[in-house]
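Engineer: As a plain string of letters, each chain reads:
Number of protein chains: 2
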Amino acid sequence: MHKENNIGDPSSNSTTRLRHRKRSIEVPPEVPKSDGSQFLVNDPKKYKSMLIRTYSTIWMIGGFIFIIYMGHLYIWAMVVVLQIFMARELFNLLRRANEDRQLPGFRLLNWHFFFTAMLFTYGRFLSQHLVNTITTDKLLYRLVSWIVKYQMFICYFLYIAGFVWFILTLKKKMYKYQFSQYAWTHMILLMVFVQSSFTVANIFDGIFWFLLPASLIVINDIAAYLFGFFFGRTPLIKLSPKKTWEGFIGASVTTILSAFLLANIFGRFLWLTCPRKDLSTGWLSCDPGPMFKPEIYSLPRWVPQWFPWKETSIMPVQWHALALGLFASIIAPFGGFFASGFKRAFKLKDFGDSIPGHGGITDRMDCQMVIAVFAYIYYQSFIMSQNFSVEMILNQILRNLSLEEQQLLYGQLAKILEERHFLQY
Amino acid sequence: MHKENNIGDPSSNSTTRLRHRKRSIEVPPEVPKSDGSQFLVNDPKKYKSMLIRTYSTIWMIGGFIFIIYMGHLYIWAMVVVLQIFMARELFNLLRRANEDRQLPGFRLLNWHFFFTAMLFTYGRFLSQHLVNTITTDKLLYRLVSWIVKYQMFICYFLYIAGFVWFILTLKKKMYKYQFSQYAWTHMILLMVFVQSSFTVANIFDGIFWFLLPASLIVINDIAAYLFGFFFGRTPLIKLSPKKTWEGFIGASVTTILSAFLLANIFGRFLWLTCPRKDLSTGWLSCDPGPMFKPEIYSLPRWVPQWFPWKETSIMPVQWHALALGLFASIIAPFGGFFASGFKRAFKLKDFGDSIPGHGGITDRMDCQMVIAVFAYIYYQSFIMSQNFSVEMILNQILRNLSLEEQQLLYGQLAKILEERHFLQY
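As they're listed, the protein sequences go chains L and G.
Here the first sequence is numbered in the working numbering, starting from 62 and rising by one per residue.
Here the second sequence is numbered in the working numbering, starting from 62 and rising by one per residue.
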């Protein structure tokens, strides 16, 4: 929130300003120029910039495919690494070197909160999956139960420790800077962890639910870039002067079509469709359920006689994929607009400089964040089958209750079902 | 976060500054005066100020007791009203009249997010309790199931609508103000709703778990005030120059003793100890469990012979109350320090002026927020009995599964227990 004293403020000292000069020199003009020179179509340097961008894009996509091949745990690890990089970029964004020198250990507090948030988000998730990995080991079972039971208390304790630490290190004349940093830290953690906890949940519900949305965003970005590159002329929104209607519409059509086709391709691999309930990396096999069973549709009558196929097979999940495609192309770009607006408000060019031609990690993640949450909620609301919820509760019983309690529950359930005359045996 | 351009900044216009003058004139000096004149002991106006404060305190406590008597739903309603007032105070805090005039409808966005957060926090909770209120009505059961199922999606949709609305109404030269307001809104909602959702959960776990912590904070505040009033001489912390070590220590001892005694008194009423699982306001009866069963302790030998009692009865919950008392007197005050620091950083006297002598609602709620979360997590981690978790899962089964699914689950559980040779019949 507190870039303002940083740049363009005569009272801020030169050290601080130097730190940010690199990022803040190339701010694009606020108003699109009337000759259209800001669009890629007319940019003379566009081929060199495209080359750099293509090169790093290929590397990123290649690495991504390799990680998908390696499996759930590796994808999770990737998400965590991205989280750390994003948090670092964002923590550094509103840093002021001069103030920080007078507040030793203040930076550490950010990371204290970061790791508390991590323990909170992943602790329970991790231990629940751990139980499924090793149900036979009594000692480990107890340890995991202990962690599950007290995890919330431990996290709360850590948070309060950070809170007290913050208050005890408040320094006169620094109050405003410190409070702003505190709030900014919370906003970052909220953003980073809400999004990534949904992403990790998607991964373990089946890589499909992570891979499809993520791919659609990448496809939409690339298509928007290419359509804009070759046809872009009409400006779309003032916040991002380089974005054009041609890019937006071309990308939407491409993304929705891709969603429909990709869902069919991804839906064929058990590796992508099966949920993973333990923490092993072994082979997965499951009944992927009716969502991924192809249904035969005969083609409409107006298809000419000479056309070789008379029918086509479509998985029900493909219709849902259309919803994801629609979201990825219409709503998710607002994540990008938000990031652009933020950068414009605080006079930044990029959030960082980790990826050549793309800016920081955060610049690539803006739309991914929006769609990960959507995919999770869509999956929970419209896809997760009823049977799965029986399974979920059963898992809960086996994980959280002792054997005596399981018997107790069984007895009580029997009694209730008997009373209602629903017990058939 | 963005008070800075507001006060003491020569560039801000006079309209804005007028709006805040009332609250910002009486800022206490940053450094305690060496003659000790800042302490209440030496304040000549202290009796008048104490009278006003006592008067409104009595009204507040009276109203509070009446609401406790009315029951869970009314307490909940009180929490919601307090939430709305707190949010209003905090939303207004960083408002700038001049900017707002140029952004019609921008204030509405805050309340859009507020009600989305409310639907998110209470929607599920409400509908789950509603199911217990009226299990016989098939139609209502379906409606509630529908809400439970799609509530998350509806809330997400509303949030995204607000997000898009925000981006589309971004106005040139207002970016920084708008983004700061957006972040500030999120911080407020995070603070207000995290705290109040825990509070409401406590209320329905048994009013005891809401009433005891809340009372301890009030007792600690009053005791600190009185001890400081009569004995306070040694300054405690620079953030709150009126707070003294005498007040802090006297209040701690008082609070811990009160916790032990109050737990015994509150623990005798089923109205306070029974959890409420429906939304009616009728009489409660339950087995309050071993926590509230008095145990007999014989007094130690050094108690003189003439002392009439040879033994005393203590409820196990009283030992837990000591933990609450300790927290209320040692950690919770940091909530107050945080608020003081915040007010000092942004040069405010109070958060509002709703309660004569006390300032705004937020000024009275700062420590309540910290302890409500603690009480919830403490209850979940150390109090909630094992039996209760069997009951919880059973509730979940009866609420969320259809009859067929309940039978399916029963069958599967039978199979698993048989396999493990734990089924005794």
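Don't read these hints as lab results, they were simulated from the structure.
As the structure is a prediction and not an experimental result, all values here were calculated from the model.
Warning: the hint list may mix true and false statements.
Each pair may be met inside one copy or between any two copies, as identical chains are not told apart.
As the list claims (entries may be wrong) - Straight-line Cα separation of at most 30 Å, DSBU-like style, residue types lysine-lysine; simulated pairs:
#1 Lys-354 x Lys-371
#2 Lys-232 x Lys-408
#3 Lys-338 x Lys-299
#4 Lys-338 x Lys-408
#5 Lys-234 x Lys-408
#6 Lys-410 x Lys-299
#7 Lys-233 x Lys-408
#8 Lys-232 x Lys-109
#9 Lys-338 x Lys-371
#10 Lys-233 x Lys-371
Engineer: For every hint, state whether the structure bears it out.
Structural biologist: Structure-based check of each hint:
1. Lys-354 x Lys-371: Within. Shortest intra-copy distance 19 Å satisfies the 30 Å Cα cut-off; inter-copy 76 Å does not.
2. Lys-232 x Lys-408: Both: 28 Å inside a copy, 15 Å across copies.
3. Lys-338 x Lys-299: Neither. Shortest intra-copy (46 Å) and inter-copy (52 Å) distances fail the 30 Å Cα cut-off.
4. Lys-338 x Lys-408: Answer is neither: 45 Å inside a copy and 53 Å across each miss the 30 Å cutoff.
5. Lys-234 x Lys-408: both (25 Å within a copy, 12 Å between copies)
6. Lys-410 x Lys-299: within (16 Å within a copy, 40 Å between copies)
7. Lys-233 x Lys-408: both (29 Å within a copy, 13 Å between copies)
8. Lys-232 x Lys-109: Answer is neither: 49 Å inside a copy and 34 Å across each miss the 30 Å cutoff.
9. Lys-338 x Lys-371: neither (41 Å within a copy, 58 Å between copies)
10. Lys-233 x Lys-371: Close neither inside one copy (79 Å) nor across copies (56 Å); limit 30 Å.
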